[in-house]
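Asks: Make a model of the complete structure from these sequences and hints.
Position one of the sequence shown corresponds to residue 1 (the UniProt record's numbering), numbered consecutively onward.
These are calculated hints, taken from the structure and not from any lab test.
If you're wondering where the values come from, they're calculated on a predicted model, not measured in any experiment.
Some hints here could point you the wrong way.
What the hints assert, rightly or not - Heads up, simulated BS3-like pairs for lysine-lysine below, C-alpha to C-alpha not over 25 Å straight-line:
| id | residue 1 | residue 2 |
| --- | --- | --- |
| 1 | K75 | K65 |
| 2 | K65 | K36 |
| 3 | K36 | K151 |
Said to hold, decoys possible - What follows is a set of in silico ranges between Cβ atoms, one per label pair, in the way DEER data are often shown:
| id | residue 1 | residue 2 | range |
| --- | --- | --- | --- |
| 4 | S66 | K152 | 18 to 28 Å |
| 5 | V81 | G25 | 22 to 32 Å |
| 6 | L141 | G38 | 16 to 26 Å |
| 7 | S126 | K151 | 42 to 52 Å |
| 8 | G128 | Y24 | 27 to 37 Å |
| 9 | V134 | L40 | 17 to 27 Å |
| 10 | E144 | T21 | 50 to 60 Å |
| 11 | L155 | P115 | 24 to 34 Å |
| 12 | Y24 | Q58 | 23 to 33 Å |
| 13 | S66 | W102 | 43 to 53 Å |
| 14 | E144 | K65 | 39 to 49 Å |
| 15 | D103 | G38 | 46 to 56 Å |
Where is the CB? At the ideal position from N, CA and C, for every residue including glycine.
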Amino acid sequence: MVRVSIIINARGKQGMPDIPTGYYGNAFTYPAAVSKAGILCTSPLSYAVHLVQNAKAQMNDEYIKSVADLMVIKKRPKYIVNWNFIVSDITRIGFDKVDFGWDSPVYGGSTFAAPVISFYNNFKNSNGEEGVVVPICLPPLAVEKFQYEVKKMTLNLNAHCKL
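Replies: Structure representation (C-alpha coordinates):
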(Lines of atoms letter the chains of each structure in order from A and count residues from 1; the text may use other names and numbers.)
(Lines give C-alpha, C1' and ligand atoms only; values in the text may rest on other atoms or scores of the structure.)
Protein backbone atom coordinates (compact mmCIF):
# COMPACT_ATOMS: atom_id res chain seq x y z
CA MET A 1 0.00 0.00 0.00
CA VAL A 2 1.17 3.50 -0.81
CA ARG A 3 -0.36 6.73 0.37
CA VAL A 4 -0.31 10.42 -0.32
CA SER A 5 -1.15 12.54 2.72
CA ILE A 6 -2.61 15.93 1.90
CA ILE A 7 -2.07 18.65 4.48
CA ILE A 8 -5.25 20.72 4.66
CA ASN A 9 -5.59 23.90 6.68
CA ALA A 10 -8.98 24.29 8.39
CA ARG A 11 -8.76 28.08 8.62
CA GLY A 12 -11.24 30.01 6.53
CA LYS A 13 -12.59 27.05 4.60
CA GLN A 14 -16.29 26.47 4.11
CA GLY A 15 -17.61 23.45 6.00
CA MET A 16 -14.74 23.54 8.50
CA PRO A 17 -15.11 24.28 12.18
CA ASP A 18 -14.83 27.88 13.30
CA ILE A 19 -11.44 28.53 14.85
CA PRO A 20 -11.87 30.40 18.14
CA THR A 21 -10.88 34.07 18.05
CA GLY A 22 -7.39 34.47 19.47
CA TYR A 23 -6.30 30.87 18.72
CA TYR A 24 -3.08 30.95 16.74
CA GLY A 25 -2.07 27.30 16.95
CA ASN A 26 -2.19 24.66 14.24
CA ALA A 27 -5.54 23.98 12.62
CA PHE A 28 -4.85 21.33 10.00
CA THR A 29 -5.21 17.66 9.37
CA TYR A 30 -3.90 15.34 6.70
CA PRO A 31 -6.23 12.77 5.18
CA ALA A 32 -4.60 10.16 2.97
CA ALA A 33 -5.26 8.86 -0.51
CA VAL A 34 -4.39 5.15 -0.35
CA SER A 35 -3.88 2.62 -3.12
CA LYS A 36 -2.11 -0.62 -3.86
CA ALA A 37 1.12 0.20 -5.69
CA GLY A 38 0.37 -2.13 -8.60
CA ILE A 39 -3.02 -0.54 -9.25
CA LEU A 40 -1.55 2.94 -9.00
CA CYS A 41 1.25 2.12 -11.45
CA THR A 42 -1.05 0.56 -14.06
CA SER A 43 -3.81 3.17 -13.87
CA PRO A 44 -3.98 6.50 -15.69
CA LEU A 45 -3.13 9.73 -13.89
CA SER A 46 -6.84 10.42 -13.46
CA TYR A 47 -7.05 7.48 -11.01
CA ALA A 48 -4.49 9.08 -8.68
CA VAL A 49 -6.10 12.50 -9.11
CA HIS A 50 -9.49 11.09 -8.10
CA LEU A 51 -7.99 9.43 -5.02
CA VAL A 52 -6.57 12.78 -3.90
CA GLN A 53 -9.81 14.62 -4.73
CA ASN A 54 -11.81 12.11 -2.66
CA ALA A 55 -9.43 12.43 0.30
CA LYS A 56 -9.72 16.22 0.16
CA ALA A 57 -13.51 16.06 -0.23
CA GLN A 58 -13.92 14.20 3.08
CA MET A 59 -12.49 17.19 4.93
CA ASN A 60 -15.34 18.83 6.78
CA ASP A 61 -16.36 19.81 10.30
CA GLU A 62 -17.47 16.27 11.16
CA TYR A 63 -14.22 14.70 9.92
CA ILE A 64 -12.02 17.10 11.88
CA LYS A 65 -14.03 16.61 15.09
CA SER A 66 -13.88 12.84 14.59
CA VAL A 67 -10.08 12.94 14.21
CA ALA A 68 -9.82 15.13 17.33
CA ASP A 69 -12.01 12.71 19.32
CA LEU A 70 -9.96 9.73 18.13
CA MET A 71 -6.73 11.45 19.21
CA VAL A 72 -8.18 12.05 22.68
CA ILE A 73 -9.31 8.42 23.02
CA LYS A 74 -6.35 6.63 21.42
CA LYS A 75 -3.62 9.26 21.90
CA ARG A 76 -1.77 10.66 18.94
CA PRO A 77 -1.07 7.82 16.50
CA LYS A 78 2.40 7.25 15.12
CA TYR A 79 2.73 8.92 11.78
CA ILE A 80 3.21 6.42 8.97
CA VAL A 81 6.41 7.23 7.09
CA ASN A 82 7.00 4.14 4.94
CA TRP A 83 5.41 4.36 1.50
CA ASN A 84 3.86 7.72 2.35
CA PHE A 85 4.34 11.00 0.52
CA ILE A 86 3.06 14.30 1.90
CA VAL A 87 1.89 17.21 -0.22
CA SER A 88 0.85 20.69 0.82
CA ASP A 89 -0.42 23.54 -1.32
CA ILE A 90 1.09 26.76 0.05
CA THR A 91 0.32 28.86 -3.02
CA ARG A 92 -2.26 30.97 -1.15
CA ILE A 93 -0.08 31.81 1.85
CA GLY A 94 1.28 34.90 0.13
CA PHE A 95 5.04 34.26 0.23
CA ASP A 96 5.20 35.58 -3.33
CA LYS A 97 3.68 38.90 -2.25
CA VAL A 98 5.80 39.68 0.82
CA ASP A 99 7.12 43.24 0.55
CA PHE A 100 10.29 44.10 2.44
CA GLY A 101 10.44 47.48 0.73
CA TRP A 102 12.72 46.75 -2.21
CA ASP A 103 10.25 45.43 -4.83
CA SER A 104 8.24 42.28 -5.31
CA PRO A 105 9.91 38.98 -4.54
CA VAL A 106 11.16 36.85 -7.40
CA TYR A 107 10.27 33.71 -5.46
CA GLY A 108 8.69 32.94 -2.13
CA GLY A 109 8.33 29.42 -0.82
CA SER A 110 10.28 26.41 0.28
CA THR A 111 13.99 26.60 -0.51
CA PHE A 112 14.67 22.91 -0.98
CA ALA A 113 13.05 19.56 -1.68
CA ALA A 114 12.77 17.09 1.18
CA PRO A 115 12.61 13.31 0.79
CA VAL A 116 8.99 12.70 1.86
CA ILE A 117 7.18 16.02 1.38
CA SER A 118 6.54 18.53 -1.38
CA PHE A 119 5.07 22.01 -1.09
CA TYR A 120 3.30 23.58 -4.07
CA ASN A 121 4.85 27.06 -4.46
CA ASN A 122 4.02 30.04 -6.65
CA PHE A 123 6.58 30.69 -9.35
CA LYS A 124 7.18 33.35 -11.99
CA ASN A 125 9.47 32.54 -14.92
CA SER A 126 11.81 34.95 -16.72
CA ASN A 127 8.96 35.99 -19.05
CA GLY A 128 6.80 36.98 -16.10
CA GLU A 129 4.43 34.04 -16.59
CA GLU A 130 3.02 32.75 -13.32
CA GLY A 131 2.69 29.10 -12.44
CA VAL A 132 3.23 26.56 -9.70
CA VAL A 133 6.46 24.69 -8.98
CA VAL A 134 6.56 21.50 -6.92
CA PRO A 135 10.07 20.63 -5.67
CA ILE A 136 10.49 16.89 -5.26
CA CYS A 137 13.42 14.90 -3.87
CA LEU A 138 13.97 11.47 -5.37
CA PRO A 139 16.65 8.83 -4.93
CA PRO A 140 19.08 8.90 -7.89
CA LEU A 141 17.79 5.61 -9.29
CA ALA A 142 14.22 6.95 -9.44
CA VAL A 143 14.97 10.21 -11.28
CA GLU A 144 15.16 8.72 -14.78
CA LYS A 145 11.97 6.70 -14.25
CA PHE A 146 10.19 9.79 -12.89
CA GLN A 147 11.26 11.88 -15.90
CA TYR A 148 10.04 9.14 -18.24
CA GLU A 149 6.66 8.89 -16.49
CA VAL A 150 6.12 12.66 -16.44
CA LYS A 151 7.02 12.92 -20.13
CA LYS A 152 4.70 10.03 -21.00
CA MET A 153 1.93 11.51 -18.86
CA THR A 154 2.19 15.01 -20.31
CA LEU A 155 2.44 13.86 -23.94
CA ASN A 156 -0.80 11.93 -23.60
CA LEU A 157 -2.53 14.20 -21.11
CA ASN A 158 -5.62 14.78 -23.24
CA ALA A 159 -5.94 11.11 -24.16
CA HIS A 160 -5.78 9.68 -20.62
CA CYS A 161 -6.84 12.36 -18.21
CA LYS A 162 -10.20 14.06 -17.95
CA LEU A 163 -9.67 16.61 -15.21
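Asks: For every hint, state whether the structure bears it out.
Replies: To see whether the hints hold, each was checked on the structure:
1. K75 to K65: 14 Å, holds
2. K65 to K36: 28 Å, violated
3. K36 to K151: Holds, at about 23 Å.
4. S66 to K152: 18 to 28 Å: 39 Å, violated
5. V81 to G25: 22 to 32 Å: 24 Å, holds
6. L141 to G38: 16 to 26 Å: 19 Å, holds
7. S126 to K151: 42 to 52 Å: Given range 42 to 52 Å: violated, Cβ gap about 23 Å.
8. G128 to Y24: 27 to 37 Å: For G128 and Y24 the Cβ distance comes to about 35 Å; the hint holds.
9. V134 to L40: 17 to 27 Å: 18 Å, holds
10. E144 to T21: 50 to 60 Å: Given about 52 Å between the Cβ atoms, the range holds.
11. L155 to P115: 24 to 34 Å: 28 Å, holds
12. Y24 to Q58: 23 to 33 Å: 26 Å, holds
13. S66 to W102: 43 to 53 Å: 47 Å, holds
14. E144 to K65: 39 to 49 Å: 45 Å, holds
15. D103 to G38: 46 to 56 Å: Holds - the Cβ-Cβ distance for D103 and G38, about 50 Å, lies within 46 to 56 Å.
In terms of the numbered hints stated before, the structure departs from hints 2, 4, 7, listed from lowest to highest.
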